[in-house]
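Single-letter residue listing:
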Amino acid sequence: MKSLVRTFGPLVAIAVLAVLLLVVAPAVLSPFRLNNLGKYCCWAIAAVGIGLAWGRGGMLVMGQGVFFGIGGYAMAMHLKLEAAGPEGIPDFMLLYGDGTMPGWWEPFRSGAFTLFAIIALPAVAAAILGYAIFKRRVKGAYFAILTQALAVVFATLLIATIQETGGFNGLNQFTFFFGYNLYDPVNKKMVYSIAAGLLIGCLVLVWQLYRSRFGELLIATRDAEERVRFLGHDPANVKLAAFVVAAVMASIGGAMFAPIAGIISPSDVDATASIFLIAGVALGGRALLLGPALGALAVGYGRSTLSESFPDQWTYFLGALFIAVILLFPAGLASAVGRAARLVVRPKEATP
Amino acid sequence: MDSFTTPLLAGTATGALLLIAALGLALTFGQMGVINMAHGEFLMAGAYTAFVTQQIVTNADISIVVALPAAFVVAGLLGLLLEVTVITWMYRRPLDTLLVTVGVGLVLQQLAKDIFGAQGDPVRTPTWLDGNIDVFGYHWPYRQMFTIVLAVMALIALAALLKYSAFGRQIRATVQNRDLAETVGIRTRAVDRITFFIGSGLAGIGGVAVSLISGTNPRLGTTYIISAFLVVVAGGLGQLKGTVIAAFAVGIATSFFADWTSASMAQVATFALVVVFLQLRPQGLFVVRSRGLA
Amino acid sequence: MFSPPTRHVIGTVVALTATLSLSACGNKDGDGSAAESCVDTSGDSIKLGFLNSTSGAMAISEQTVRDSLTLAAEEINADGGILGKEIEFVEEDGASDPAVFAEKIDKLLTSDCVAAVFGGWTSASRKAMLPVVEANNGLLFYPVQYEGLEASENIYYTGATTNQQIIPAMDFLASEGVETLFLAGSDYVFPRTANKIIKQYAAELGIEIVGEEYVPLDDDDWTTQVAKIVDAEPDFVFNTINGSSNVGFIKAYYEQGLSPETSPIISVSIAEEEAPAMGKDVTGQYAAWNYFQSVQSPANDVFIRAFQDRFGSDRPTSDPMEAAYTSLYLYKNLVEAADSFDVDDINESADGVSFDAPEGTVTIDGDNHHIAKTGLIGQINADNQFDIVWSSEEPIEPDPFLEGYDWWDPTAE
Amino acid sequence: MKIDHPSPDDLGQDYLEIRGLTVDFDGFKAVDGVDLTLLQGRVHFLIGPNGAGKTTLVDAATGLVPATGLARYRNQDLLSMRSHKIVRAGVGRTFQTATVFEELSVLQNLDIAGGVHRSPFALLRARRGVPSYVAEALETVGLADLRDRPAGVLAHGQKQWLEIGMLLVQDARVMLLDEPVAGMSAEEREETGALLQRIGEERTIVVIEHDMDFVREFADVVTVMHAGKVLMEGSVTEIQASPEVQEVYLGRTVEGTSHA
Amino acid sequence: MLELRGVTAGYGRTMVLDDVSIEVPVGGAVAVMGHNGAGKTTLLRVAVGLVPVRTGSVLLDGQDVTPLRPSARVKRGLGYVPQGQQSFAHMTTLENLQLITTARSAIDEVLDTFPALRGLLSRRAGLLSGGQRQQLAIARTLLTRPRMLILDEPTEGIQPNVVTEIEGVISGLTDRGDLSVLLVEQHVGFALRATGSYYVLESGRVTSRGEGGPAAIDAVRAAMAV
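Chains as they are written, first to last, in the numbering used here: chain Z, 61 to 412; chain S, 191 to 484; chain D, -9 to 403; chain P, 7 to 266; chain Y, 34 to 259.
Just so you know, these hints were derived from the structure itself, not from any lab. Each residue gets a CB set at the ideal place from its N, CA and C atoms; glycine is no exception. One thing to keep in mind: the hints can contain errors.
With a Cα cut of at most 25 angstroms, we get these calculated DSS-like pairs of lysine-lysine [claimed, not checked]:
| # | chain 1 | residue 1 | chain 2 | residue 2 |
| --- | --- | --- | --- | --- |
| 1 | D | 270 | S | 303 |
| 2 | Z | 195 | P | 91 |
| 3 | D | 218 | D | 270 |
| 4 | P | 235 | P | 35 |
A few chain Z positions that, by computed beta-carbon distances, are all more than 10 angstroms from chain D [unchecked claim]:
| # | residue |
| --- | --- |
| 5 | 144 |
| 6 | 196 |
| 7 | 219 |
| 8 | 358 |
| 9 | 390 |
Isolated chain Z (complex conformation):
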C-alpha cells in the first residue's frame, strides 16, 4: 500500500493540479488573470525541464531562455506569417527592411513544420551544444557560465537582426493561432487550456522519467559521474539526454508563451529571463517532481502581483528570494514544507 502511494501519489498530485488548472481556474478567473496564468504555465513548462536538468541531473542550465526563445520565435514566426496572410510578409520587414523575407522564414508558413521545428530545433541545438560541452567534461560552474553567456549572446544576436527577427521589439501583433482568431475570448481560453494541458503532459512525462531507470541513472550521474562511467554508461550521454529534453520543454513553453503574451522579444529570452526561470525552480525545489512547476507558477504570480503593489521593490523580492531560498532551503520551499509535514505527521519514521 505504501509503495502504491509512493508510486502513484505524485500522479494524484498531478491530477489535482490538472483539475485546478483546467477546471477551477477557467471557472473562477477573469480572462485577464487566466491569460496571466497561461503565461505562468509556459514558464512552468520550461521550469519542469530545468528541474530535470538541474535538480535531477546536476546541470545548472542558466541559459534556458535560449531554448524558450527558439520555441517562442518559431511559433511567433508562424503566427506572424499567418497574420500576414498567404504570400504576405510580416509588417516589420516592410517597415524596417527592404520588403523581402529571408528564405528561412518560408517553411514557417506551414503549421505542421512549425510544430515540428518547435520540437526539433531546440533538440538539435541542445544536442550539438551539449555534445560539445559534455563530451569534453565541462561541468559545474563552467557549464553554468557558458550557458549564461549563451543567453547573453542569443539576445544580442536577436537585437542586432532587426530585419530578420524584429530586433529589440521582438515579434508581436498576432491575429490567428492556427486558424483561430486570437482576439476571441473563447479562443484565448482554448490557448490557455493547451498551455495548461502541455504543462500537465510534461509533468506526467518527467514523472515517468523519474521513476524509470533513466531517472535513477541521472541521479547517479549527478552524484558520482565517474562511478557511472564504470557502470558501462557514458555519463555524457545521460546528461545530454536530460539536457535535450529540458531544452525541448523550454521550447514548448516559449512556443505557447508567444500567443498567450501576444509577444516574444529579446527581453523574454535573455540572461535575466533565464535567471528568472531558475528562481522558480529554486523556490519550488529543484529535485522534486512538482517543485519546479509550482515554484515557477508562484514566481510568475509574484512578479505580476508584487509589481502591481510594490513596483519598485520587485527586484528586492527577487534578489532576496534567491538569497533566502538557496541559503536556507537549498532543496526548495516545497521540501521544507514537506519535511515539516513529515515531522508532524509521522515523526518516528525515517525518510525513505
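Given chain Z's structure and the hints, the job is docking chains S, D, P and Y onto it.
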C-alpha cells in the same frame, strides 16, 4: 585610421579592463572556488565610488587618484560583507554560491538605483587624462593607456603579493592544501576573508576605470561579468598567466571582430571563439590543479 | 511497456487532461470582435491608467513622464476634471519589458476598466501594447518621439514622428551647408529606421554619408567606432544612440580629439536631463526636438513653474515630459469635443482637436492620430540648456509613413 | 624469480594481458613497463608500498589515465578505449573508497549496474520486479535483506560488498578491486575473502591489498610492485621467502607484526 | 598534555570513532596502532581539529580545545605531521618553511636537523622525493615549536634508507622529554621502541592498551589479530 593599429590598441585597453575584473575573479573563483556573480556589482560600486569621490573632492585631477584606493576599499568591504554573511556557509556548494550571488547582484543593482537614481551619474575625466596620442592614425586616448597601466600595476601588485609576501604565501598555501595550511597554523578562514576582500577590491579599481569610459549606471556590472568569467574560464584556474593572456586575447579579438563586422556580432563571435577554444582545451590555457569544482 | 495499474492511472490522467483541454475548445468562426468596454462613466470620477517603467533599464526616463502625467492629472482635477469627472489614475510598472507592458495594459483595460492609458517609451513597449489596445478597443496615449511607420485607431502619438524630428534635423544640416555626415546609433529599431530615412534624404539633399556604426544597447565602449569618425572627418555626426550608451560615446568622442569645432553632433535622444550627465562639457552640440525648456511661450512658463513647484526647482523639463503632459490635456479636449468617453465617439470627432501646449499649439490629425509639431534645433549652452538655433517655419503636419516625400522608398535597403 | 606462465590460449582460458604498460606523469613514471598475465579462475593480489603504482596500473587499464604499452582483453586493446566501453567489454573495477549512490536503494544501485544488459530505450521504462541477475547478485553478496535500504546508510563493509555486487550485475569478467577490505572487521574480511574465491572461479579477480594476513589466506598469485615496476610474482610463500621483497616491503613487518 | 575524552566522530553517515579516550602525558610518547580503516588517522584529525567531534572533548594542557580551529590549536603548541608527506607542492622548500617563520636562525636550526633539505631550498616541494617531502613536513612542523607533536605514519611509503634517518629524528624527539608525542605507525617494532605506551584501535574502538617497549610486540600482535 589604420585597420590594424586601432583594434589592436583599443582591444588592448578593453583587455586591460577585462583583466582587472578577471583578476579579482581569478582570486575568488580560481583560488577559492566561489562563483561570485555579484562581482560585476562590485565593479559598479567602484564606479559609484569614483562618482561620490568627485562630489567630495571636486577637483577631477585629484579625485580620481583618491577614488582608486577608496573604490578598492569600498568594493573590498562589500566583498568581505558578502563573504562573512553568505559565502561562508556555502564553501561546499559552489553552484549555490553562483545563485546566491545572482540574488545579491540584483539587490545591489536596485540599491544603486534607489540611492543614486537609475540615470547614470557623470564621472569627469581628469585633465591629465584628457587627450590622446597619434599612433599610426589612431588617436589613442590617454584614458585607454591609463587603463592599461592600471591593469598592469594591479597585476604586478597582485603577483608580487602572492609571490613575495608572507600573506601571499598563506593564500597560496591555503589554496593548495586547506587542511594542511590550517594545521601549520594558518588561520585559513581569515585568509579566505582577506583574499575575498582583495579580489573584490580589484573589482572596485576596475569600476573606477569603467567610470571613465561610461560614467556610472546600475547595470554597469552586468556588462562585464560574463566576459570576465569567460576570461577566467578560458585562462584556466590557478595561474595568473592564463588570465592575463585570455583577457587580452578576448579584448583584442572583440575589437577586431567589431572592426570587421559590428559590435553586436563581435560579442557573438567572441563567445563562439571561447566555446571552440574550450573544445580544444577544456581546462583552459594553463592548468595547475585539477578542476576541484563540482 | 506499462503494467496494467500504471497504464490505467496514466491513462486516466492523460484522458482527463485531454478532455479538459478540449472542453475549452476554440471558436474558429468567431469574428474576433472586441470585448465589450467595461469603462464605468456613471460615477463622478473617471479612471485613467498610467503605464510607465518604474523599474528596469528605462525607469529613469519613464519616471519623468510619470511625473508630468501626475502633474497634468492634478491640474485637471483642480480645474474641475474632465466633463466634470475627477481623474482617478491607476499606476502600473512596465518593468522595461515589452511583455510586461502587454500584460499590464491588458489588466488596465479589462480589469481596472480605465478609459485610456498613458505611457510607454520604447518602441518595443508600444508595439507590445498595440495589439492589446486594439483588441480591447481601448485608448493609448504615447508621448515619445519614435521611428514612425505606424498608425492605429486606438493610439494617439503625441511625440514626434520622423518627419517632425529627423527630417527637420536634416533640413537644418543642409541649411548649415553640411556635406558629409556620420551616423552613430544603438543597435535597435529606432536608429536603424531613422538612419534608413536619413540616408535616403541625405541622397536627396546631396549630403554624403561617410560612415554608419552601431553598438548594442547596453554597451558603453565606443572607442573603436569613434576612431572611425576621427578617420572619416565628417562635417556632422548624427547621433541616434539611446540611453546610457550616450555617455560612452560622448566620452570617446572628446577623448579622441573631436569637438563641436571639428565634427559637431546632432542628437535625437539627448535632452535637458541627459546633457549634464555626460561627464563632459557638451556645450556647442546640437539636438533636434519639438520642445526645449527654453521655448518662449506663456504656456511653457506655466508648465515649468508648475512642474518645478511640484517636483523641485532643480528638475529640468524636456520634450517627452512635455509630450506626456500635453497628451493628458489633449485627451481632456478630445473627450470634451466628443462629449463622451467612448472611444469611437472620440475618434469620430478627433480631427482638429488642439491644445495650447508648452511647445506651442498642437493639433490632432484625425487620420493618423499624430499631432502637428514644430521642429526645433537647439544648441547646448554652458547651463546645459538649449539655445534654439533653428525652427521649422510652422508646425509640421505628421506624416508617419512619409507619404508626402517622394524620395522615400520604404523597400530600399 | 619467475613462475611459469602457461600460455592462456593453449588452456582455452580467459585472461587479461598487460605488456610494457607505462604511465608517465610529466616525466615521473608512475607505472614503468609492467608485464602481467592475469588468468581466469585465480585471485591475483597486487601488493607493494604506497606509491608503487598499483592503483595507477588499474587506472590505466580502465581508461582513467592515459598509458602506453598494451592491455589486452579478449583481443580488445583497453588502452585505446574509453572507460565505459572498457566496462562494457567486461572489465570492471572498484575504488579505494566505496562509491555507491547513497540516495538510491541497494536494489537500485545493483539494478543501475545492469545497464550493460539494456538498450537505451529500455532505460525509459520503470523497473518492474527484480531482474534475475540482480536477485542473484543480492544473494551472492549477502545483501538481500537490505535491498530497500538507501545505500548511504550501509556499513562500510556492506558498501564494498554492494560494489562487488554491482560488478557482478554488470557481468564483469575481470574485476579489479582496490583495497576492498580496508576498514573491515576481521569477520568481514573473512566473508569478503570467501566471496572473492567463490566468484573468482569463473572470473579474473585482481585485488590491491595491504593486509598480509588477508593476502596469505586468499591469494592464488601475488605480484609485488615497487617504484612502478613488477618486483616479483609468485605464490605467497615464494614472495615471503624473497629477500628482495623483504627489503623493500615486508622486511619491517617480519620483525614486528603480520600487518604491513 | 593531550587528552581525548569519549570522542565519537565520523564523516557523513559513517561513524569512524566510537567513544574513544586516550591520553598523552606531558613529555610522554604514545603510539596508536591498528588495521587500515580502524580509525587511527581520524583519531589524529580529531585531536588536531580537522574532524569535528560528535560527542566528547579534546583537552590540551588540561584545557578544553574542542571548539578551537586547528590553527588556534597550533598556536597553543600542537604540531601535526599528516599522513602522506604532505607539502605545499607549488611552493619552494624555503617558502614552505617561511610559512611558519621568516626568522633565519629558526630555519637554520631545523635545517641542521635535516641537512638534506639545505640544498633543496629553492626547489618546488612537489619535485622533492617522498622522503625529502617528509623531512620537510617534519621540519615545518618543528618550526611551529610544538610542545605536543602528532605524527601520522611518518615512515609510510618512504624508501628504506631515508626511513632510518627519519626514525632517528623521531626517536630523538621522543627522547627529549620536553616534547610529548602521539604517533601512528604501521611499523610496530619501531613504534614500540620509540614510545612509552600504546593503544590498539579496532573498528573505531580502543581494544587494547599498555606499556610500550619491545616486549609489548607480542601483546600488540595478539591484540591486532582479533
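Quick rundown of the hints versus the structure:
Simply put, residue 270 of chain D and residue 303 of chain S have alpha-carbon atoms about 22 angstroms apart, close enough for the 25 angstroms limit, and the pair holds. Distance hint between residue 195 of chain Z and residue 91 of chain P is fulfilled; the C-alpha atoms sit about 14 angstroms from each other, no more than 25 angstroms. Distance check on the hinted pair: residue 218 of chain D and residue 270 of chain D sit about 21 angstroms apart at the alpha-carbon level, within 25 angstroms; holds. Restraint check for residue 235 of chain P and residue 35 of chain P: satisfied, since their Cα atoms lie roughly 9 angstroms apart, inside the 25 angstroms limit.
Once the 10 angstroms rule is applied to beta carbons, residue 144 of chain Z is consistent with being away from chain D; the minimum gap is 14 angstroms. Consistency note on residue 196 of chain Z: stated as away from chain D, and its beta-carbon is indeed over 10 angstroms from all of that chain's, at 29 angstroms minimum. A beta-carbon of chain D comes within 10 angstroms of the beta-carbon of residue 219 of chain Z; the shortest separation is about 6 angstroms. The claim that residue 358 of chain Z lies off the interface holds: its Cβ sits roughly 17 angstroms from the closest Cβ of chain D, which is beyond the 10 angstroms cut-off.
Distance check on residue 390 of chain Z: its Cβ is at least 28 angstroms (rounded) from any Cβ of chain D, clearing the 10 angstroms threshold; non-interface status holds.
In this structure, the one hint that does not hold is number 7.
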